[in-house]
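Chemist: One letter stands for each residue in the lines below.
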Amino acid sequence: MTTRDPLDKLLSGRMDRRDFHKMLAGLGLGLAVTPLRSALAAEEEANYFTWSGYEVPECHQGYIDKYGVSPKVSFFGGTSEAYTKIRAGFKTDIAHPCTGEVTVWHEAGIIAPFDTSRMKHWPDYFDPLKNLDTTLTPAGENLFVPWDWGNSSILYRTDLVDLQGEEESWGLLFDERYKGKLSTYNSPQAGVQVAAQVLGFTNLETLSDEQLAEVRVLLLKQRELLRFYWDNQTEAGQAMVAGELVATYAWNDLYKTVNDAGLPVKFMTPKEGARNWVCGLVLTAPKYRAASDERVYEFLDAMMSPETGAYVIDNFGYGHGNAKAFDLVPAERVAEIGLSDPMAFLARGILKPIPPEYDQKYVDLWEEVKLGL
Amino acid sequence: MTDHVAPAADVIAHIPRGPIARFRRALMRSEALSGYTMLSPTLLLLILVMALPIVLLVVFSFWTQNYTDIDKTFTLANHIKFFERSAYPYLLGKSVLISSSVTLITVLLAYPMAYFIAFRVTKHKLIWLILITVPFWTSYLLRVFAWKIILGYNGVINSGLIEIGLIAEPLAFLLYNPFAVVLTLAHAWAAFAILPIYVSLEKIDRSLLEAATDLGDGRLKRFIRITLPLSMPGLIAASMLVFIPTVGDYVTPNLVGGTSGTMIGNVIQSLFGRGNNWPFGAALSIITMITITAMICLFLWGTRSFRRRVA
Chain A
66 MTTRDPLDKL LSGRMDRRDF HKMLAGLGLG LAVTPLRSAL AAEEEANYFT
116 WSGYEVPECH QGYIDKYGVS PKVSFFGGTS EAYTKIRAGF KTDIAHPCTG
166 EVTVWHEAGI IAPFDTSRMK HWPDYFDPLK NLDTTLTPAG ENLFVPWDWG
216 NSSILYRTDL VDLQGEEESW GLLFDERYKG KLSTYNSPQA GVQVAAQVLG
266 FTNLETLSDE QLAEVRVLLL KQRELLRFYW DNQTEAGQAM VAGELVATYA
316 WNDLYKTVND AGLPVKFMTP KEGARNWVCG LVLTAPKYRA ASDERVYEFL
366 DAMMSPETGA YVIDNFGYGH GNAKAFDLVP AERVAEIGLS DPMAFLARGI
416 LKPIPPEYDQ KYVDLWEEVK LGL
Chain B
21 MTDHVAPAAD VIAHIPRGPI ARFRRALMRS EALSGYTMLS PTLLLLILVM
71 ALPIVLLVVF SFWTQNYTDI DKTFTLANHI KFFERSAYPY LLGKSVLISS
121 SVTLITVLLA YPMAYFIAFR VTKHKLIWLI LITVPFWTSY LLRVFAWKII
171 LGYNGVINSG LIEIGLIAEP LAFLLYNPFA VVLTLAHAWA AFAILPIYVS
221 LEKIDRSLLE AATDLGDGRL KRFIRITLPL SMPGLIAASM LVFIPTVGDY
271 VTPNLVGGTS GTMIGNVIQS LFGRGNNWPF GAALSIITMI TITAMICLFL
321 WGTRSFRRRV A
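Quick note, the sequences are listed as chains A and B, same order.
Read in the working numbering, the first sequence has 308 at position 243, and its numbers run on one by one without any break.
Read in the working numbering, the second sequence has 142 at position 122, and its numbers run on one by one without any break.
Check before you lean on any hint, since a few could be wrong.
Claimed, not checked - In silico BS3-like links for lysine-lysine, alpha-carbon gap of 30 Å or less:
| # | chain 1 | residue 1 | chain 2 | residue 2 |
| --- | --- | --- | --- | --- |
| 1 | B | Lys223 | A | Lys150 |
| 2 | A | Lys321 | A | Lys417 |
| 3 | A | Lys286 | B | Lys114 |
| 4 | A | Lys185 | A | Lys336 |
What the hints assert, rightly or not - Restraint-style ranges between C-beta atoms, simulated for each label pair:
| # | chain 1 | residue 1 | chain 2 | residue 2 | range |
| --- | --- | --- | --- | --- | --- |
| 5 | B | Ser159 | A | Leu94 | 31 to 37 Å |
| 6 | B | Ala314 | A | Lys286 | 42 to 48 Å |
| 7 | B | Phe156 | A | Ala412 | 55 to 61 Å |
| 8 | B | Ala188 | A | Ala153 | 19 to 25 Å |
| 9 | B | Gly38 | A | Glu359 | 51 to 57 Å |
| 10 | A | Asp392 | B | Ala188 | 48 to 54 Å |
| 11 | A | Lys336 | B | Ser159 | 42 to 48 Å |
Treat the hints as calculated values from the structure; they're not laboratory data.
We put the beta carbon where it would ideally sit given N, CA and C, even for glycine.
From just these sequences and the hints, can you work out the full model?
Modeler: Below you can see the structure in the form of structure tokens.
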């Protein structure tokens, strides 16, 4: 009996070359159109491009309640990396940069304004955060949903670091007594600006070439003192717990991690001023988008909800954009992480973005310093 | 009507026309063409994923980055910048040096292992070979992290030494320096050295060794005159397999290199990422590729003259 079933023929060894090629071609064609078919069949989930750690379901429970699954999450290690990846064509709906990037990202055409009327929780947001001047388009539309905010400063071991009665200062990261036991964040903006603060400069966003030359000298000295530059704060946290580091540049959440490990540490309030930061969500321009508006705004509602906010405050030790979130967290917990007065924190001023022409200089300088130039 | 038609015209009329038929005839006539046609799927893929990207890289290296945009006027600025800033050539030199040490160490360690399997193991060779590859079943990244744990501040070596009372404070110099990079890379690439060396040793005709012994060569002399020259192809392949990829490696130096173990790959990576200067990154990649090619040519020339001298 002759069979027309190719699999039968194959198994019984009666398949000739032509049939085999036909089968391969069919298989190839089938594989090629599969993504097409699944795209037609199911609607694309919202895509979220963020730092690692923010993918936990607690941050977007509302979305799961509605659609039964989490959005698709991809990670970046730093905002410049995210910027390059999206520009190279990476598809995502929502990304998670900080205030400093928003203008540049908008000028590069990778993000688009939000429709704030579609966001359920927008009215509950802190007003000063809603209208940060660098996060609006020239026409006044919002490009940015503030989501998490806090301080960057130095986390140091109180038992191993002797301040010798001096005021707390960023200078600790440049102190030769702790050679080989210091670490700092591998970030051009943070690195350059902290050095500039130590040098007493105040125009941190617009350092002149002469000032940058001084910064370079200081940073090169610092390079000799550092154990490593961290890209991932966990690295610094582990080294701190291991006793390898006595002080590191850190975000306020690291205090909790290291303190929980039973080490006597303090999150510094440097005399030059801590670095206040605000990060948040941006909507990519249509050509980078993958999911429908409906899912994207549903995701935003979930991220902006007071419940999510309370989780962010309690677990990460960061502030959240939604004022109501603070009511859901015990007051003593809020005090412990130093966010008792969000309005006062915001009034102290947030890091201003660095204009592109200066930013490129900072980046170049930083990358060269790391090579020992 | 057929009566009046000339036979020649009849033949011509029966030769199929059209581009496909013409191509078929050409295919029958030319061996080269049929060869290329057989190769074409692979060739096409190579052109698509190898040649085109490299061409693109070369083109990019002549452009310049203008913050968010790329200025497409032809310029040598990137190449000049490389030689102007002494740190870049220095870093490339350092990378080549690190990779050369890695290659040397890897090959020196791999040779005895390969030799043992090829000459001393008689039964279950396959099992031995599989055993050698077992450590490489885990991810490259995990192996690098493993070294971090071994060399780390509270790592295996340090806590062991403290435990037996040899040191009081952990040794900080084990990790985050070029030494750690060399060590980690040498381990990570070992399999790529053992296998080609093993294959070339295995292929050596044993009667040649017997002949050498019969003619009075001692073990050492026999090794230098017969085994080593005949295993040269494997040695060369191993060296190249280790040297070429390690020059551009950036993961290992990033994880265990600290501030002093940076390599050229780290710079290229940061230029394509955070630095956001693809044209300069492309120029660096091209210069690195040319340097590697030159080093390899030098190496091949060196080994050839060595073989001539021995022979």
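Chemist: Now look at each hint and say whether the structure bears it out.
Modeler: Outcome of the hint check:
Simply put, lysine 223 of chain B and lysine 150 of chain A have alpha-carbon atoms about 48 Å apart, too far for the 30 Å limit, and the pair is violated. For the proposed pair lysine 321 of chain A and lysine 417 of chain A, the alpha carbon gap of about 27 Å is at most 30 Å, so the pair holds. The straight-line distance between the Cα atoms of lysine 286 of chain A and lysine 114 of chain B is roughly 21 Å, inside the 30 Å bound, and the hint therefore holds. For a cut-off of 30 Å, the pair hint linking lysine 185 of chain A to lysine 336 of chain A is broken: about 40 Å separates their Cα positions.
Here the CB-CB span from serine 159 of chain B to leucine 94 of chain A is close to 34 Å, well matched to the stated 31 to 37 Å. One distance hint, 42 to 48 Å for the beta-carbon pair alanine 314 of chain B and lysine 286 of chain A, is violated here, with the actual separation near 36 Å. In this structure, phenylalanine 156 of chain B and alanine 412 of chain A meet the distance hint of 55 to 61 Å, their C-beta atoms being roughly 57 Å apart. For alanine 188 of chain B and alanine 153 of chain A, the Cβ-Cβ distance of about 51 Å falls outside the hinted range of 19 to 25 Å, so the restraint is violated.
Glycine 38 of chain B and glutamate 359 of chain A have their C-beta atoms about 54 Å apart, which keeps the hinted 51 to 57 Å range intact. As the Cβ distance of aspartate 392 of chain A to alanine 188 of chain B is approximately 52 Å, the hint placing it in 48 to 54 Å holds. Distance hint for lysine 336 of chain A and serine 159 of chain B: a CB-CB separation of about 46 Å, consistent with the stated range 42 to 48 Å.
Violated hints, listed in ascending order, are 1, 4, 6, 8; each of the other numbered hints is respected by the structure.
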